[in-house]
Amino acid sequence: MSAVLQNLVNQPYKHGFVTDIESDVAPKGLSEDTIRMISAKKNEPEWLLEFRLKAYQQWLKMTEPTWPNVKYPKIDFQAISYYAAPKQKPKLKSMDEVDPELLRTFEKLGVPMHERAVLAGVAVDVIFDSVSVATTYKHKLAEVGIIFGSFSEAVHEHPELVKKYLGTVVPVGDNYYAALNSAVFTDGSFCFIPKGVKCPMDLSTYFRINTQESGQFERTLIIAEEGASVSYLEGCTAPRFDTNQLHAAVVELIALDNADIKYSTVQNWYAGDENGIGGIFNFVTKRGLAKGVNSRISWTQVETGSAITWKYPSVVLQGENSVGEFYSVAVTNHHQQADTGTKMIHLGKNTRSTIVSKGISAGHSNNSYRGLVKIAPTAAGARNYSQCDSMLIGDQSGAHTFPYIQVRNNSAKVEHEASTSKIGEDQLFYFAQRGIDAEAAVSMIINGFCKDVFQQLPLEFAVEASNLLSFKLEGSIG
Amino acid sequence: MIYPGSKTILEVRGLCASVSGTEILKGLDLTVKSGEVHAIMGPNGSGKSTFSKVLAGHSAYQVTAGSVLLEGKNLLDLPPEERARAGVFLAFQYPIEIPGVANSQFLRLTYNTVQTQRGKEELDPLEFDDFVREKMKLLEMSPDFLDRSVNEGFSGGEKKRNEILQMALLEPRLAILDETDSGLDIDALRIVSQGVNKLANKDNAMVLVTHYQRLLNYIVPDFVHVMDDGRIVKTGGKELALELEARGYDWVGAKHRGAAPKVVAKVAA
Amino acid sequence: MSAVTPVTATYLESLLAGQAQLAASPLAWLNTLRAAAVERVGVLTVPTLRDEDWRFTDISLLTKMSFHPLRTAINLQAADIERFHIAEAATRLVFVDGVFAPQLSNIDINSGVLVSNLAAGGAACAAHLGRHAEFHNNVFAALNTAFLHDGALIVVPRNISVATPIHLLFIATQKDVASYPRCLLLAESGSAVTLIEDYVALQEEAYFTNAVTEIVLADSARVNHVRVQREGAQGFHIANCAVSLARTSNYQSVSVALGARISRYNLNVQMAEGAECAVDGLALISERQLADTHTCIDHAQPHGVSRQLHKCIVGGSAHAVFNGKIMVRQGAQHTDSQQSSRTLLLTGRAQIDTKPQLEIFADDVKCTHGATVGQLDSEEVFYLQSRGLSDTAARNMLTYAFGAEIIDRIPITSLKQQLEQTVLEQTASQL
Numbered sequence: 001m002s003a004v005l006q007n008l009v010n011q012p013y014k015h016g017f018v019t020d021i022e023s024d025v026a027p028k029g030l031s032e033d034t035i036r037m038i039s040a041k042k043n044e045p046e047w048l049l050e051f052r053l054k055a056y057q058q059w060l061k062m063t064e065p066t067w068p069n070v071k072y073p074k075i076d077f078q079a080i081s082y083y084a085a086p087k088q089k090p091k092l093k094s095m096d097e098v099d100p101e102l103l104r105t106f107e108k109l110g111v112p113m114h115e116r117a118v119l120a121g122v123a124v125d126v127i128f129d130s131v132s133v134a135t136t137y138k139h140k141l142a143e144v145g146i147i148f149g150s151f152s153e154a155v156h157e158h159p160e161l162v163k164k165y166l167g168t169v170v171p172v173g174d175n176y177y178a179a180l181n182s183a184v185f186t187d188g189s190f191c192f193i194p195k196g197v198k199c200p201m202d203l204s205t206y207f208r209i210n211t212q213e214s215g216q217f218e219r220t221l222i223i224a225e226e227g228a229s230v231s232y233l234e235g236c237t238a239p240r241f242d243t244n245q246l247h248a249a250v251v252e253l254i255a256l257d258n259a260d261i262k263y264s265t266v267q268n269w270y271a272g273d274e275n276g277i278g279g280i281f282n283f284v285t286k287r288g289l290a291k292g293v294n295s296r297i298s299w300t301q302v303e304t305g306s307a308i309t310w311k312y313p314s315v316v317l318q319g320e321n322s323v324g325e326f327y328s329v330a331v332t333n334h335h336q337q338a339d340t341g342t343k344m345i346h347l348g349k350n351t352r353s354t355i356v357s358k359g360i361s362a363g364h365s366n367n368s369y370r371g372l373v374k375i376a377p378t379a380a381g382a383r384n385y386s387q388c389d390s391m392l393i394g395d396q397s398g399a400h401t402f403p404y405i406q407v408r409n410n411s412a413k414v415e416h417e418a419s420t421s422k423i424g425e426d427q428l429f430y431f432a433q434r435g436i437d438a439e440a441a442v443s444m445i446i447n448g449f450c451k452d453v454f455q456q457l458p459l460e461f462a463v464e465a466s467n468l469l470s471f472k473l474e475g476s477i478g
Numbered sequence: 001m002i003y004p005g006s007k008t009i010l011e012v013r014g015l016c017a018s019v020s021g022t023e024i025l026k027g028l029d030l031t032v033k034s035g036e037v038h039a040i041m042g043p044n045g046s047g048k049s050t051f052s053k054v055l056a057g058h059s060a061y062q063v064t065a066g067s068v069l070l071e072g073k074n075l076l077d078l079p080p081e082e083r084a085r086a087g088v089f090l091a092f093q094y095p096i097e098i099p100g101v102a103n104s105q106f107l108r109l110t111y112n113t114v115q116t117q118r119g120k121e122e123l124d125p126l127e128f129d130d131f132v133r134e135k136m137k138l139l140e141m142s143p144d145f146l147d148r149s150v151n152e153g154f155s156g157g158e159k160k161r162n163e164i165l166q167m168a169l170l171e172p173r174l175a176i177l178d179e180t181d182s183g184l185d186i187d188a189l190r191i192v193s194q195g196v197n198k199l200a201n202k203d204n205a206m207v208l209v210t211h212y213q214r215l216l217n218y219i220v221p222d223f224v225h226v227m228d229d230g231r232i233v234k235t236g237g238k239e240l241a242l243e244l245e246a247r248g249y250d251w252v253g254a255k256h257r258g259a260a261p262k263v264v265a266k267v268a269a
Numbered sequence: 001m002s003a004v005t006p007v008t009a010t011y012l013e014s015l016l017a018g019q020a021q022l023a024a025s026p027l028a029w030l031n032t033l034r035a036a037a038v039e040r041v042g043v044l045t046v047p048t049l050r051d052e053d054w055r056f057t058d059i060s061l062l063t064k065m066s067f068h069p070l071r072t073a074i075n076l077q078a079a080d081i082e083r084f085h086i087a088e089a090a091t092r093l094v095f096v097d098g099v100f101a102p103q104l105s106n107i108d109i110n111s112g113v114l115v116s117n118l119a120a121g122g123a124a125c126a127a128h129l130g131r132h133a134e135f136h137n138n139v140f141a142a143l144n145t146a147f148l149h150d151g152a153l154i155v156v157p158r159n160i161s162v163a164t165p166i167h168l169l170f171i172a173t174q175k176d177v178a179s180y181p182r183c184l185l186l187a188e189s190g191s192a193v194t195l196i197e198d199y200v201a202l203q204e205e206a207y208f209t210n211a212v213t214e215i216v217l218a219d220s221a222r223v224n225h226v227r228v229q230r231e232g233a234q235g236f237h238i239a240n241c242a243v244s245l246a247r248t249s250n251y252q253s254v255s256v257a258l259g260a261r262i263s264r265y266n267l268n269v270q271m272a273e274g275a276e277c278a279v280d281g282l283a284l285i286s287e288r289q290l291a292d293t294h295t296c297i298d299h300a301q302p303h304g305v306s307r308q309l310h311k312c313i314v315g316g317s318a319h320a321v322f323n324g325k326i327m328v329r330q331g332a333q334h335t336d337s338q339q340s341s342r343t344l345l346l347t348g349r350a351q352i353d354t355k356p357q358l359e360i361f362a363d364d365v366k367c368t369h370g371a372t373v374g375q376l377d378s379e380e381v382f383y384l385q386s387r388g389l390s391d392t393a394a395r396n397m398l399t400y401a402f403g404a405e406i407i408d409r410i411p412i413t414s415l416k417q418q419l420e421q422t423v424l425e426q427t428a429s430q431l
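Chains as they are written, first to last, in the working numbering: chain E, 1 to 478; chain A, 1 to 269; chain V, 1 to 431.
Source of the hints: derived by calculation from the structure; they are not laboratory data.
A couple of the hints might just be wrong.
[Stated by the list, open to error] Only pairs whose alpha carbons sit at most 30 Å apart, straight line, appear in this in silico DSSO-like list of lysine-lysine:
no., chain 1, residue 1, chain 2, residue 2
1, E, K71, V, K366
2, V, K325, E, K343
3, V, K325, E, K422
4, V, K366, E, K413
5, A, K137, A, K234
6, V, K325, E, K74
7, E, K138, E, K71
8, E, K54, E, K198
9, E, K422, V, K366
10, A, K137, E, K451
11, A, K238, A, K198
12, E, K451, V, K416
13, V, K366, E, K343
14, E, K41, E, K54
15, V, K366, E, K451
16, E, K451, A, K135
17, E, K54, E, K164
18, E, K343, E, K54
19, A, K202, A, K33
20, V, K325, E, K71
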């Protein structure tokens with residue numbers, strides 16, 4: 001029976017192609033000059049260059065974290081190119097001017113870059129290697145005062161906003177990779193929802209790494225003012241290379257009084273081959289500040305790709321009655337390693353957080369949930385509920401749970417539960433006895449296992465996520 | 001019910017099977033014709049449950065000799081799902097819990113899979129919902145069963161009713177009920193039995209595997225077989241079950257093994 | 001950072017100071033073992049908050065003080081320790097500041113079990129002593145091993161079931177003394193025994209108990225292990241216990257931590273095929289106490305069953321730490337493991353850091369863990385009030401019941417009653 005499962009879990013990666021496009025790639029290596037070069041290429045204001053240089057100075061003093069439950073060879077930060085961009089006209093007047101090769105790439109990936117495309121109703125910012133190449137529905141959103149577009153544009157068009165919020169949730173020296181990102185980030189998405197505005201459509205950023213030697217270091221900043229709300233989606237893919245690429249992003253979310261930010265990710269970076277060769281090192285810092293009273297920040301993630309994932313989307317619950325949520329499905333196969341989870345830092349009174357984590361490990365992979373629930377002395381009446389379930393497929397993989405619970409206020413209530421389940425012979429026999437073959441049974445069990453998380457995703461994404469899992473864990477190629 | 005001239009549904013000849021090297025079935029013979037209800041009784045460890053799992057094709061059991069034909073077709077060549085689609089239904093003694101998978105979703109998939117196999121139309125979720133609710137009435141099941149995860153947190157009686165509901169949906173040619181009465185209170189036993197009786201007809205056949213006679217008060221068998229040490233050692237009508245209830249299993253097995261009469265007999269003399 | 005190292009070295013050197021005066025043992029292997037441990041102490045450093053295993057347990061208070069090995073043993077009289085006797089225990093070994101006190105001890109020669117001082121132990125322990133409690137990476141276990149001299153050696157022969165519990169009483173009497181209690185229990189196949197490890201003090205000033213216990217269960221052996229840590233209020237207690245379970249053996253343990261300014265208990269349980277264990281704990285602390293329990297249940301082979309319930313009742317500005325690791329190794333199929341950590345915070349300044357941790361490398365296993373932290377359930381308090389109890393009485397009753405769930409698992413009636421009384425007094429004084 002394990003042979004059946006083996007076949008089911010070993011499917012190829014379908015986003016592994018490389019786009020043949022002329023690119024402007026910076027020489028490898030990292031120094032102050034590299035940072036000045038990036039800043040100059042983007043024609044940045046002086047304060048941003050200073051921000052970068054300060055981060056770089058901090059980074060030089062830091063060491064790579066060793067506590068995650070992952071193993072990888074030492075990264076040579078001088079062997080990475082910190083800037084890569086497709087060559088094209090500096091300013092695009094409309095989508096029609098986008099390089100047709102790029103358009104074809106994103107069509108192949110199912111990302112709508114035309115506003116009349118099938119997935120109308122979602123505004124998309126597309127990031128190719130280091131730069132944003134297109135944003136749809138920009139003008140329509142501007143009509144209600146929403147700013148949505150590339151980070152580089154925002155630096156020029158809304159410097160006061162960027163300056164006010166950048167680095168306030170994730171300080172430059174927060175951790176090794178956040179410091180690196182702060183020094184060398186190239187582009188990303190910027191989103192600002194003004195007071196009282198409910199964003200009329202889902203916003204989405206699609207990230208694509210194309211160049212073999214480049215790293216991707218994007219920066220996302222989302223601000224929801226008082227009473228504003230937004231649902232933001234993020235997707236990621238990369239070509240199949242036999243070397244590893246570094247992806248070190250920083251995402252900062254800020255929710256003011258009564259604001260609501262929902263951030264969903266379907267991460268499908270290239271995971272390496274069945275022997276663990278190649279794949280993305282995904283070292284990401286994502287943190288939201290629920291600053292205002294009654295604010296809410298919700299992270300949903302479906303993590304299926306990357307050779308190594310190191311990522312803890314977190315919420316700092318500062319405002320009274322603020323709410324933090326984390327819903328996650330992480331699937332690892334072959335030699336993938338994932339150490340992911342969340343941090344819920346309760347500072348304000350009556351703050352509430354919910355954590356639902358589902359880990360599925362197959363092949364020789366290792367999948368760890370690492371979470372921190374911290375209740376500060378000020379967080380009277382705080383509540384947390386966490387549920388972390390693991391599923392193992394085959395006996396060569398590992399599933400691990402590291403929940404840290406720190407409580408400094410006795411009126412708080414914290415509950416954590418974890419369990420393991422499996423897809424084994426008895427389950428498959430029960431399905432078979434009802435006429436259902438192993439492939440359909442596995443798909444049904446997995447989708448059932450992940451249901452609590454999929455329900456949190458916007459509809460289009462839920463379908464994509466479910467397909468992605470079926471694709472990764474069963475036979476039918478999508 | 002025995003119908004004259006009815007077709008043979010199941011034909012088992014000299015069946016031997018083992019589990020991790022230990023032989024459990026040691027030459028079992030059984031013929032079941034359409035319309036008939038057979039009861040297989042026997043003490044614990046006699047091989048009853050093994051027999052039902054072997055018929056359904058559980059991979060933990062290796063068939064080492066003998067043949068099993070379903071309506072003339074070799075069943076042993078088929079993987080479990082093909083057997084199910086061919087009309088073999090096993091009501092599990094311990095139905096598996098599948099957390100997260102809604103019962104309605106599971107029932108519809110299994111129903112449509114078997115329907116497709118039989119060249120019939122699939123039902124969409126709305127049509128299926130009407131259809132399954134009708135069948136649930138038969139078993140006095142509340143509709144909220146549909147929204148719960150398959151067997152998860154079900155009581156023993158609920159699990160068994162869910163098994164019979166699946167049987168009602170799949171309309172098997174051969175239904176094997178493995179210890180369906182175990183763990184049932186009297187009300188649940190009555191409901192489950194009524195359900196089974198309503199599903200029995202002249203085109204299908206039932207094999208009830210049970211340790212106790214109790215179930216046979218509700219589902220009246222045409223034949224009662226006694227299993228011992230991997231073989232059927234005695235066959236009779238429904239009255240045999242009553243005799244077993246009164247006298248236990250020892251006398252049948254003892255006769256079969258040719259052992260000395262029991263001490264009790266001496267005392268009586 | 002650079003300033004830390006020399007301080008640490010000096011601290012460890014000061015602890016080792018008396019080691020050279022230790023008389024060489026006639027047993028060559030014991031001398032070799034001590035020497036190996038001394039060498040490790042030279043290499044290792046004192047853990048700090050930067051070490052993952054000590055992340056929440058600040059022992060700087062301990063490392064700021066200086067302790068020395070016992071210089072002159074105090075001659076206690078039987079009457080001095082009578083109040084610590086446990087009625088059911090026919091055999092009692094007493095160690096005063098780590099030194100065996102035969103005049104206070106009583107060995108029941110009819111029990112069929114071999115009980116003696118380690119120093120006189122000989123061959124029976126050579127194969128086991130220091131082999132289970134790893135000291136290579138554990139500076140406190142290494143220190144204890146470096147000072148190996150007196151200790152309890154218990155060998156329960158094959159198929160012998162010891163009717164009454166064996167009581168090991170470790171008494172601290174002198175301030176500034178570092179003592180190194182040691183225990184080795186060998187339960188041969190099919191044997192059964194109940195062991196009580198009991199740490200008490202006859203003084204209220206600072207001292208340091210650094211204990212190591214090794215328990216080895218052969219096939220189908222059963223060991224009941226009760227551990228009561230009721231050190232003095234200014235005492236420091238650091239203990240390592242290693243338990244090795246052979247096939248289908250069964251280990252039940254209840255550990256209760258009540259005393260000490262700072263205490264740390266490491267319990268490592270190695271599980272062979274079909275072995276079963278139940279590892280329960282209660283920390284009941286108040287004022288500025290810190291009680292840390294680190295356990296690791298390691299399922300290395302199939303069909304193991306483990307159960308763990310750890311409770312903390314934290315009052316005053318005390319700080320409880322729990323880290324419970326369940327490891328299920330590849331091939332340990334059909335492991336069935338349940339773990340639960342429950343904490344009651346009685347005051348606004350009480351703190352808990354808890355981490356129930358699962359590491360699983362086998363697919364056909366049943367593992368669950370859970371953790372809760374909170375105060376008393378207001379519904380339960382209200383229910384009792386509605387039956388006429390005062391708020392305080394209701395809270396006392398519920399707090400007591402919370403702790404009693406663990407105490408109830410102790411299979412020795414008189415000890416159970418004693419501890420229940422302690423819990424009752426302590427919870428009453430807190431509210």
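Tested hints:
1. K71/E <-> K366/V: Holds, at roughly 27 Å.
2. K325/V <-> K343/E: holds (20 Å)
3. K325/V <-> K422/E: Roughly 21 Å separates the two Cα atoms, so the pair holds.
4. K366/V <-> K413/E: Within the cut-off at roughly 27 Å; holds.
5. K137/A <-> K234/A: Distance of about 38 Å is beyond 30 Å: violated.
6. K325/V <-> K74/E: Measuring from Cα to Cα gives roughly 29 Å; hence the hint holds.
7. K138/E <-> K71/E: Cα-Cα ~42 Å, so violated.
8. K54/E <-> K198/E: violated (36 Å)
9. K422/E <-> K366/V: Holds, at about 9 Å.
10. K137/A <-> K451/E: holds (29 Å)
11. K238/A <-> K198/A: holds (19 Å)
12. K451/E <-> K416/V: Status violated; Cα separation ~47 Å.
13. K366/V <-> K343/E: The given pair, whose Cα atoms are some 27 Å apart, holds under the 30 Å limit.
14. K41/E <-> K54/E: Between K41/E and K54/E the Cα gap is close to 19 Å, so the pair holds against 30 Å.
15. K366/V <-> K451/E: Holds, at roughly 21 Å.
16. K451/E <-> K135/A: holds (27 Å)
17. K54/E <-> K164/E: holds (17 Å)
18. K343/E <-> K54/E: holds (26 Å)
19. K202/A <-> K33/A: Holds, because 9 Å separates the two Cα atoms, which is no more than 30 Å.
20. K325/V <-> K71/E: holds (21 Å)
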